[in-house]
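In the order they appear, the protein sequences are chains C and V. Numbering-wise (the numbering used here), the first sequence opens with residue 1 and increments by one. Numbering-wise (the numbering used here), the second sequence opens with residue 221 and increments by one.
Treat the hints as calculated values from the structure; they're not laboratory data. Here the structure is a predicted model, which means the values were calculated and not measured. Backbone N, C-alpha and C fix where the C-beta goes; we use that ideal spot for every residue, glycine too. Keep in mind that the hints are not guaranteed to be accurate.
Some chain V residues judged to face chain C by a derived CB distance under 10 Å, without partners named [said to hold, decoys possible]:
| hint | residue |
| --- | --- |
| 1 | Ile305 |
| 2 | Gly341 |
| 3 | Asp352 |
| 4 | Leu354 |
| 5 | Pro356 |
| 6 | Leu363 |
| 7 | Leu394 |
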Amino acid sequence: MSEDRNLDAAERALGLDPKGFESADDAALTAAWEERLAPLAEQLEPVEPPEGLWTRIEAAIAPSNLSADVVELAAYKKRATTWRTIAAFATAAAAAMALFIFVPTSTVAPTPEAQKYVAVVTHDQNGQAGLIIEIEPSTGRATVIPVTAPPTGQSYEMWTIPTGETAPVSLGLLPQNAVARTNFVADVDQIFAISLEPAGGSPTGQPTQPLYHGRVVRVD
Amino acid sequence: MSPEPDLSALLAATAKRDRAAFQAIYAAHSSKLFAVTLRICRDRAIAEDALQDAFVEIWRKAEGFDPARGKAGAWMAAIARNRAIDQIRRRGRGPAFGSGGDDDDDAMAALPDLSAPRDGGAEMIALAQCLDRLEPRDKEMVLLAYYEGYSREDLSARYDAPVNTIKTWLRRGLIALRGCLETG
């Protein structure tokens, strides 16, 4: 059994199987095989990449890529003034898109006494909601409420850019139904986004086609 | 010759968002990784995209590199290989790949001569010796998968054998390889 897992890891290290969703143990087995085989890569004669490639890489990791998003997103902050309007907005958007949406009423119902934060992640072009994340900072609990579904054969993936970071971090595929998350850390103005990906999620670890963006705002 | 920079230390600095350290990694190591992606992609434009993907991933995942678990060069080579294989699985390879038996023979002939390793030290010598103890076909399959990014289907076409047979041969080779490397 463990021999099988080790050989599966060897095959992933060779690139014969996707590495997508390994457990920590399996990832360690794969890394051990990558280490065993790595001397092979040293045998290749180095080839200088073209001049402009570093510039492309620098642009891809530049924080300036994100500031454009921040400016665009400022508009959404005004819109998300009350929890009630957000809920109505989401429902209207879902109705407009004629999509089945499962939103447990208990998570949407306003609870005025608790301080809440919410991120409404909307489409960059048409403003329709794609995802609502309700966050309770006191408990670290978040409710992730999807409001849209990807085209057949493709996946939506959720991302965030933690405060002070420049690179998007995947939060996994957009769930089909509302789900609760614990130990959820998000700051005011933190950016959340949805990208359209090949089935199963981003092959590169970076968003392929970002479509929806939103930021965390406080809801009084 | 300038001394090899300490890639582990540079990765640790990169994890702290030190762009100068990241650029130093690129300066020191991009030509090695480009050789890896070029070999797999067989097309400069695709190989350049794969190399870009690899460096963006190195920047993003630098924090996850653990020097206790392996060498920085091995960690980066694995990322470059994976990004190159992603590219060819999505976009196909350059025309230099798989256009006929002669080309495949060339591909095999052009694989690095492991009996005279240019780098890698004692580990490479041990690996080369252990690979030599495999059935010749099993060794060739491991090398084609590693260097050329052959999939099981590619190997199946090359050896005119069902994919399941390829899988069995490969696993036999990998078991023997690990056994040999562990006993020294």
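List of violated hint numbers, smallest to largest
Violated hints: 3, 4, 5; rest satisfied.
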